[in-house]
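Visitor: As given, the protein sequences belong to chains B and L, one line each in that order.
Counting along the first sequence from 1, when you hit position 101 you're at 100 in numbering that gives the first Met the number 0, and nothing is skipped either side.
Counting along the second sequence from 1, when you hit position 234 you're at 233 in numbering that gives the first Met the number 0, and nothing is skipped either side.
It should be emphasised that the hints constitute simulated quantities derived from the structure, not laboratory data.
Keep in mind that this is a model prediction, so the values were computed, not measured.
Keep in mind that the hints are not guaranteed to be accurate.
All copies of an identical chain are treated as equivalent in the list; a pair is satisfied when it fits inside any one copy or across any two copies.
[What the hints assert, rightly or not] No farther apart than 35 angstroms at their CA atoms in a straight line, the calculated lysine-lysine pairs in the DSBU-like style are these:
#	residue 1	residue 2
1	K169	K294
2	K297	K137
3	K45	K245
Number of protein chains: 2
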Amino acid sequence: MIDVCLLGCGGMMPMPHRFLTSLLVRCNGKQILVDCGEGTQITLRKRGFSSNPIDVILFTHYHADHISGLPGLLLSMANSERTDPVLMVGPKGLEHVVNSLRVIAPGLPFQIEFRELSEAEESFALPGEKDFLIRAFKVRHSVPCYGYSMELSRTGRFQVEQAEALGLPKPLWGRLQKGETVVTEDGRTITPDQVLGGERKGLRLTYVTDSRPCDSIVRAAQGADLMICEGMYGEEDKQQDAVAKKHMTFAEAAQLARAAQPAELWLTHYSPSLIKPEPYMDAVREIFPDAFPGKDGKSVTLRFSED
Amino acid sequence: MIDVCLLGCGGMMPMPHRFLTSLLVRCNGKQILVDCGEGTQITLRKRGFSSNPIDVILFTHYHADHISGLPGLLLSMANSERTDPVLMVGPKGLEHVVNSLRVIAPGLPFQIEFRELSEAEESFALPGEKDFLIRAFKVRHSVPCYGYSMELSRTGRFQVEQAEALGLPKPLWGRLQKGETVVTEDGRTITPDQVLGGERKGLRLTYVTDSRPCDSIVRAAQGADLMICEGMYGEEDKQQDAVAKKHMTFAEAAQLARAAQPAELWLTHYSPSLIKPEPYMDAVREIFPDAFPGKDGKSVTLRFSED
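Make a model of the complete structure from these sequences and hints.
Guide: Structure (structure tokens):
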């Protein structure tokens, strides 16, 4: 399963009632933070999470509202005696930007590893997590900017009959199901494919913020279990602002969802000028019915289907 | 008069219920912010203020909890179409720190002027504000750190009898009272001292955070109308922590106040480990009776006395 918490849903500047857009994803015991604007550590704590166990920070881009909270977060991690390294991922320039910001967070008791993105699409697994894949894809903003999909794959169903036919003792079943190759007491090597059926549908979360509509978003979100997408403006008459500032309207996000057909769409990254998203949701749902307004703390656990 | 709003009272990290320590001071139409940690622009807005009209930002030092909110604040000022320059004041290294942080706030529509402090004590007036003086004084922390006093002087009482004896028309009275030299219609030059009595007691606010107790604090706060002073820990058994981390306990702040005799003491910069300051205030008031726990948004207007 993938635990998802939208920590904030604001764009541009943090507001008393709306933190800046960022996302916490927890899967297989790993914690991944996407973006870290000013106040992200506050909303993280408000939702009952701690900064200490964050393994990975993915940055969409380096506009301040997506990274200004980083020095404070790093210091809070340091104060909680973290020693494990943190992986940071983002467009080219990441190390320079992070090191500049670290003028006020110079001494940390943990290493930072950088992975800078430059291709149109890049995928990578976290160490020891071959069933959990992070896929970065370039989107269309005023500066280089990436969206991210996170995919949890699912092995085939365990074939009890085949395991019994092979005479495998039950303690080996779980290891095979997790994808391990095992050796039996009588010296036979058994690979997972000998006892597992065909791969089943996994889970996918797609996250996009700060972009004009573009094909890479539709491709990434195709059939996703959850698509979280920026919608800077609800009002129809803000279309020109959206184009000028390289953002999207709610309607544009909904059109992308209609093309990609995720199970659900959550909107986020609202303009400070947008008081409430709800009044615009009827129009959005005419385009894509399973659309919901993101709000600070909105959470879901994505689970494998029962089959 | 001087309007004072303690925007936050936390130290180290911003918390859901307690913003980082910073202060907004308004006097003679000027707005002065002291320190700007992560979230300061949120609490500023929460109290009904805007970042746009801030004229001066005073930094005590460059630990992240005192400056991490600066890039976001600068961008919010930019987004509100500010064009007037901003004066920043702080210990040596200010320009380097600010410019490093500006990696995420590069293009601003206003100038930043820097005033770096290096002496044990430095005083300066804001342009056109000769009756309002800012006095920086070095305190004792793990890095160079300054406290600030802000002083509004008060001219002598207007001597109506003398003005009448000089045959001055009433329209000139107000200008003389403000300290202007005037020329009468019949060509006489009149200076303020010809119609004003001796200078009267002005107003003084003294602000200290991140320091061990030291004499410069007592000197600065001597007879102040308000002394705002850090008290990192309320608990007696945290004395060693206070020494090790170059901070103060509530009791140490109160002892400084007892020596300086300000009209009031407000405590601030509480450790995240301190849930509430109130349980420790009885002990504090045994040392200095007019002591109050700072809290986010605590405000006062300091006014000249009636005489």
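Visitor: Could you run down the list of hints and mark each one as holding or not?
Guide: Cross-check of the supplied hints:
1. Taking identical chains as interchangeable, the C-alpha atoms of K169 and K294 are never at most 35 angstroms apart, the minima being 46 angstroms within one chain and 61 angstroms between chains.
2. When the C-alpha separation of K297 and K137 is checked against a cutoff of 35 angstroms, the pair qualifies only within one copy, where the shortest distance is 26 angstroms, while the shortest distance between copies is 46 angstroms.
3. When the C-alpha separation of K45 and K245 is checked against a cutoff of 35 angstroms, the pair qualifies both within a copy, at 31 angstroms, and between copies, at 29 angstroms.
Hint violations for this structure: number 1 only, all remaining hints satisfied.
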